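Asks: Chain by chain, the residues run as shown.
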Amino acid sequence: MSPDLLSVEGLRVGFRSADGGIVEAVRGVDFSVAPGEAVGIVGESGSGKSLSMLAVMRLLVAPARVTGGRVLFDGEDLLAADERRMRALRGRDIAMVFQDPQSSLNPALTIGRQITDVVRAHRGVSSAEARRIAAEALERVGIRDAGRRLASYPHEFSGGMRQRALIAMAIACRPRLLIADEPTTALDVTVQAQIVDLIAELRRELGLAVVFISHNLQLVAEIVDRVVVMYGGKVVEDGPVEAIELAPRHPYTSLLKACVPSLSGPVGPLTAIEGAPPRLGRLPIGCPFSPRCPDAIEPCLSEMPPLVTEAGHRSACWRPR
Amino acid sequence: MTGPILSLRGVSKSFPQGGMLDRLLGRDGRLVALDAVSLDVMRGDVVGIVGESGSGKSTLAGLAVGLVRPTTGDVLLDGQPMAELMRDHAGPWRRRVQMVFQDSSSALNPRKSVARCLGETLALRGVPKAQCESEIAELLTLVGLGPEIGPRLPHELSGGQRQRIGLARALAMKPEVLIADEPVSALDVSLQAQVINLLSRLTRELGLTLLFISHDLALVRTLCSRIVVMRKGLIVEQGPCLDVLDRPQHPYTQALIAAVPKGLAGRRTPLPVRAADAAAIPETREDIHGAA
Amino acid sequence: MSGLAKTLCGLDWSGWLGAGIVGLILLAAIFAPLIAPYDPLGLDIEDRLAAPDMKHWLGTDQGGRDVLSRILFGARASLSVGIGAVLIGALIGVSAGVFAAYKGGLGEQIVMRVVDGVASIPLLVWAIAIVGILGVGPLPVGSLLLPNEVKIVVLVGCLFSPVFARVTYAVAKRIAGADYVRARFLQGASHWQIVIGDVLPNCLSPIIVQGTLLVAIGIVIEASISFVGLGVQPPQPSWGTMLSDARSAIYSGEWWLPAFPGLAISLTVIGFNLLGDAVRDLFDPRSDARTLVA
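Protein chains in written order, with our numbering: chain B, 1 to 321; chain Z, 1 to 292; chain F, 1 to 294.
No lab work stands behind these hints, which were simulated from the structure alone. Everything numeric in this text was worked out from a predicted model, so none of it was measured. Even glycine gets a Cβ: it sits at the ideal position worked out from N, Cα and C. Some hints could be false.
[As the list claims (entries may be wrong)] Selected chain Z positions facing chain B (Cβ under 7 Å, derived; list incomplete): (1) Glu52; (2) Ser158; (3) Ala186; (4) Asp188; (5) Ala193; (6) Ile196; (7) Leu198; (8) Ala218; (9) Arg247; (10) Pro251; (11) Ala255; (12) Val260; (13) Leu264.
[Stated by the list, open to error] Only pairs whose alpha carbons sit at most 30 Å apart, straight line, appear in this in silico DSBU-like list of lysine-lysine: (14) Lys232/Z / Lys173/F; (15) Lys174/Z / Lys129/Z; (16) Lys112/Z / Lys55/F; (17) Lys174/Z / Lys103/F; (18) Lys262/Z / Lys257/B; (19) Lys103/F / Lys112/Z.
Build the full structure now, drawing on both the sequences and the hints.
Replies: Written out as structure tokens, the structure reads:
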């Protein structure tokens, strides 16, 4: 086994609630990303997927905070690193792209300025050199006439181009890990496909490791090697993309696949998952999915099933399919 | 032979652009949201309107419910022009065409309980106070909720429940035409199917005509009998849903279909080289860092 | 009133402190005739300029009047101007703001430009100038005689109204565009029903916060107007007139004369500010942890 680039061990994130207690939203999450690997983290709102990655980047905002676990990046514990070290790592070794390209760019500064600022902060190059790197990065993400586009302001870009610019900013310092948090959710479908293509291409060409957070399993399956499925703040299944797609073990994963219709096959009522995702602070004692699970049996309600590994495919279910 | 229940006759809608100064200086451009669109919706049809942002599909929804007045052209309900039916603010148009909104959190007044929200709606339809309670219970059952929901406030409900209340509120007016503007796009996938199934059942049981506005072709395919594809204020293609999706004629429809995520079948990257081969990858990374 | 109870329960310690100060001063003003140890107007030549002692806790002034009693009665003038002006300002400003936001178009432009105009007036300077021009006597309005205090309340209220109008406008504009307002419109609800039932109730929190903060400003304005002799007229007590009368005492060493009215003003202003800040924090959606969960 090659050493992992990113390894998250027993990560817990909690909120201080009004009555002074701690409400946990991420409850002991383990997963790892090998160098150059693309991992998809799939889950619905409240599953803790975004919070986990914000915790990895040490970007949690109060009242959320890490309440346990370790995050190893290249063997270094990020949760123990000081803020200076994190600033050096963020943007240079680990880059992040967010959901809303509009609010991730400063509307008052040119695209070029925003990219060169990042480059100069991390690479100590001259401003001319930084501009060259910025232009190269823009070109790399498929923005034509990149040299001239450096002088554009964010409002002169379309939504898709803004997201491309943000990706350019993310890759300008040649990070080893790119974390993309729902990077296509705010975009139109045709643009979404282009951005997904771009991330896949960059990954191949630059040897980037990618963590792609999404609520859309079908979208993630197009570009990742491995899928981590989260529910109720826990990893419920983690395996190679073919296994997750073709033979999911956890009922949640298979229902998640079934409730999204496709463009082929017979038309009929959709398979629905009854009930609603659990609310924070009201998580069931046992398997978080048990109240909605058609297969639930007694131990499901009272005891959290352990994550069992079988041929590189982990799942946490008392009655795996 | 009955005519279409809802029809648009050469409807255009444009919005003024730019600030007041621009307008004073005569520099006003106009943003054309809908460009001479004609569309007939037959009674009982479930029509999916698909397109991306800027396609004019939301403007079309606004026109159909009467929130937006057309710049030119006519909107007809059962053959009668909108202007005639809307002369009175609480006119018949209001009752016959209702809408379900996209964002369930902004669709309900955060300070009104479910029962009050539905009760006020029933009162406007002229339902006597004494009957309200039983009608509210009926509406809640219709959308698959229990009467215990009544006293709750919107923030105490899940997104799916809120969207059901939005649907119940629209149905409380006993409309003939229901416009649903991206009703599930803000919901979690596991809840989307619930709402889509509910919409499908209700249109069948109540004989509703439904305009389902969405960017999700697969959802339109499961729910709708007809499809209208829009782009930049124009209808580029329309027809029976399955025909259009199986044999798209317009390149834009083809592009939309190609953009739908297809899971493994749509792989953009070769499946990973695992275990022993993975050792090769750091080298590539070294190369990159060496170059920096 | 469950809303108010809930609000109080969510206050932090500084909010409680503010609420406590404001509550105490309100009680003192209301029950001033019962708790004041002396007549605030009662002269006592024997006991002039007495330093604070057991008989006169906060001392006496040049006329031998008890400072504590005068401060208690003075609270009535200060608070009634502060609160009265805020109520009048809110009435005018909230109506204007809601109207502009809901109506849109030309009406919106006209109302908001008028608001901009009024807001450009430096509050304190104009208040003093207008009272100065009108004089301190009662102002005849038709067959009605408007006492000076009422005049000041209405004037400060008018000058406060743009603040309320802007706050209300900003929130109401957003709410007028919300889907639940559209839905009411689609049901054929009247504009009146929509404004009263849907728009106004959802604008209230920022208005209440603004109101609390403005009471403090109103109190300072009342004190300032009285200080220059245009507000509450002697011998009636007010914190501003007391400070004004105490000017000479600063040099002659009777420190209690300026100190205690000054302290009363500061304490009240701090109380309202603390309360206002706490209420704002309470209404701030960002203080809600649930919204952060992605």
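Asks: Next, verify each hint and record whether it holds.
Replies: These are the hints, each one checked on the structure:
1. Hint status for Glu52/Z: holds, given a least beta-carbon distance of 4 Å to chain B, under 7 Å.
2. This hint holds: Ser158/Z has a C-beta 4 Å from the nearest C-beta of chain B, less than the 7 Å allowed.
3. Contact between Ala186/Z and chain B, as hinted, is not supported at the beta carbon level, the nearest pair being about 10 Å apart and thus beyond 7 Å.
4. A hinted interface residue such as Asp188/Z counts as satisfied when its beta carbon comes closer than 7 Å to some beta carbon of chain B; here the least separation is about 4 Å, so the hint holds.
5. Interface restraint check for Ala193/Z: the shortest CB-CB distance to chain B comes to about 4 Å, inside 7 Å, so the restraint holds.
6. With 7 Å as the threshold, the beta carbon of Ile196/Z comes within range of chain B, its nearest partner Cβ sitting at about 6 Å, so the hint holds.
7. Using the Cβ-Cβ criterion of 7 Å, the hint placing Leu198/Z at the interface with chain B is not satisfied: the shortest such distance is roughly 9 Å.
8. Given the 7 Å rule on beta carbons, the hint for Ala218/Z holds: about 4 Å separates it from the nearest Cβ of chain B.
9. Because the closest C-beta pair between Arg247/Z and chain B is about 12 Å apart, greater than 7 Å, the hint is violated.
10. Because the smallest distance between the Cβ of Pro251/Z and any Cβ of chain B comes to about 11 Å, over 7 Å, the interface hint for this residue is violated.
11. Because the beta carbon of Ala255/Z sits about 6 Å from the nearest beta carbon in chain B, less than 7 Å, this interface hint is met.
12. Restraint check, Val260/Z versus chain B: the minimum CB separation of about 6 Å is within 7 Å; hint holds.
13. A hinted interface residue such as Leu264/Z counts as satisfied when its beta carbon comes closer than 7 Å to some beta carbon of chain B; here the least separation is about 5 Å, so the hint holds.
14. With a C-alpha separation of about 28 Å, the suggested pair Lys232/Z and Lys173/F falls inside the 30 Å cut-off, and the hint holds.
15. For the proposed pair Lys174/Z and Lys129/Z, the alpha carbon gap of about 17 Å is at most 30 Å, so the pair holds.
16. The suggested pairing of Lys112/Z with Lys55/F is violated, with an alpha-carbon distance near 57 Å, which exceeds 30 Å.
17. Proximity of Lys174/Z to Lys103/F is assessed by CA-CA distance (about 29 Å); at most 30 Å being required, the pair is judged to hold.
18. Between Lys262/Z and Lys257/B the CA atoms are separated by roughly 11 Å; this keeps the pair inside 30 Å, and the hint holds.
19. With a C-alpha separation of about 23 Å, the suggested pair Lys103/F and Lys112/Z falls inside the 30 Å cut-off, and the hint holds.
Violation of the numbered hints given earlier is confined to hints 3, 7, 9, 10, 16; the remaining hints are satisfied by the structure.
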